[in-house]
Amino acid sequence: MSVETDNHDSHAHGSYRSYVIGFVLSVILTAIPFYVVMAEVEISLLWAMAIIFGLGAIQILVHVHYFLHVSIGAEDGWQFMSLLFTAIVLVIILAGSIWVMFHLHENMMPAHDTIERVRELQ
Amino acid sequence: MAPTDTTAEAPYEFHVFEDAHAHDHAEEHAEEHAHETGTMLGFWLYLMSDCLLFGILFAVHAVLGQNYAAGPSPADLFEIEKIALATAFLLLSSITYGFAAINMQQNNARAMSLWLIVTLGFGLGFLYLEYLEFAHLWHLGATPMASAFLSSFWILVGTHGLHVTAGSIWLVVLLIQVQMHGLTHENKRRIMCLSLFWHFLDLIWIGVFSFVYLAGVLL
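Line by line, the protein sequences are chains P and H.
For what it's worth, the numbering used here labels the leading residue of the first sequence as 4, then goes sequentially.
For what it's worth, the numbering used here labels the leading residue of the second sequence as 742, then goes sequentially.
Think of the hints as simulated: they come from the structure by calculation, not from any bench.
Where is the CB? At the ideal position from N, CA and C, for every residue including glycine.
Just to be clear, a hint being listed does not mean it is correct.
What the hints assert, rightly or not - Computed spacing ranges between beta-carbons, pair by pair:
| no. | chain 1 | residue 1 | chain 2 | residue 2 | range |
| --- | --- | --- | --- | --- | --- |
| 1 | H | L873 | P | A34 | 36 to 46 angstroms |
| 2 | P | R20 | H | V913 | 38 to 48 angstroms |
| 3 | H | Q847 | P | L49 | 41 to 51 angstroms |
| 4 | P | A34 | H | A816 | 18 to 28 angstroms |
| 5 | H | A810 | P | I96 | 20 to 30 angstroms |
| 6 | P | I75 | H | G899 | 28 to 38 angstroms |
| 7 | H | P885 | P | V94 | 20 to 30 angstroms |
| 8 | P | W102 | H | L959 | 34 to 44 angstroms |
| 9 | H | R851 | P | I75 | 31 to 41 angstroms |
| 10 | H | T925 | P | H108 | 54 to 64 angstroms |
What the hints assert, rightly or not - Among the chain H residues that face chain P by a calculated CB cut under 10 angstroms, a handful are:
| no. | residue |
| --- | --- |
| 11 | L786 |
| 12 | I821 |
| 13 | L832 |
| 14 | A842 |
| 15 | M886 |
| 16 | S892 |
| 17 | I896 |
| 18 | D943 |
| 19 | I947 |
| 20 | Y954 |
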């Protein structure tokens, strides 16, 4: 195996350095949301959710870059394109389901709420 | 570049280069990853479809996750300390697999096998913690039949656990393969596929602990 091939491989499949960077970032991004929940930090629910989901999303990107080694050029771009396509479909599935079902829940009020509403109408 | 036995048949060269198994006859080219695109891209596409499967299970949990049917809620059931430990195991197994992949690139079969065994240890540790949690929930009566929240919880976390189980079995099989045949071209390809699979499972777990456990306990 030539030196040149070695360099190419370490670029394509990561090096100790890149794995350690990814690992340290992941540990930090995991520890913060766990700390927020376990130590019952005094912040509003909205902020807690923003921290959990925001850092979770960043950690997913860290994994994609440092562990899965996704790059725009790999496989003539097909790897990145399929990832992008999957991400778009996922956003549609998740946002669509939550949006539709949330409104469905609102329209299916418990019986006593419906009775109150009918009384107000009379 | 071309394998010597095919140079006389120039019109077929294209097919030879497209064939991932072409190197069975040309060991000296075994290091050229450019010809592996077929298998690696195919496996990547499988992972993307698996990602959609998990995405749908996450959507189900988003919709049903708060329908407790007068049963227990996440705050009653989940022990976040144990989830933190399971998360640490999975994250550690990811970096040890990375070290195994680096040693594989350097043709260091022995160090690679050791790192893979460490990875397997963390994977099995994760599975053991998950088994304890499931057994505990079942004992409490928090079965999939108890409420819509628990149904979607068991199917989502259970599917992830099944994937980790399959990955662990695959890892054992690969370790045996490497012991029997050494770091052959085919074994390297398989180890790289499992590498993608293993890191992918860790990525899915980020969604599970954030969304199901941490957010679940707060809501």
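We went through each hint and held it up to the structure:
1. L873/H with A34/P: 36 to 46 angstroms: 23 angstroms, violated
2. R20/P with V913/H: 38 to 48 angstroms: Violated, at about 30 angstroms.
3. Q847/H with L49/P: 41 to 51 angstroms: 49 angstroms, holds
4. A34/P with A816/H: 18 to 28 angstroms: 21 angstroms, holds
5. A810/H with I96/P: 20 to 30 angstroms: 25 angstroms, holds
6. I75/P with G899/H: 28 to 38 angstroms: For I75/P and G899/H the Cβ distance comes to about 35 angstroms; the hint holds.
7. P885/H with V94/P: 20 to 30 angstroms: With a Cβ separation near 28 angstroms, P885/H and V94/P satisfy 20 to 30 angstroms, so the hint holds.
8. W102/P with L959/H: 34 to 44 angstroms: 21 angstroms, violated
9. R851/H with I75/P: 31 to 41 angstroms: Holds, at about 36 angstroms.
10. T925/H with H108/P: 54 to 64 angstroms: 56 angstroms, holds
11. L786: 6 angstroms, holds
12. I821: Cβ of I821/H sits 5 angstroms from chain P, so the hint holds.
13. L832: 6 angstroms, holds
14. A842: 6 angstroms, holds
15. M886: 22 angstroms, violated
16. S892: 15 angstroms, violated
17. I896: 15 angstroms, violated
18. D943: 6 angstroms, holds
19. I947: 5 angstroms, holds
20. Y954: 8 angstroms, holds
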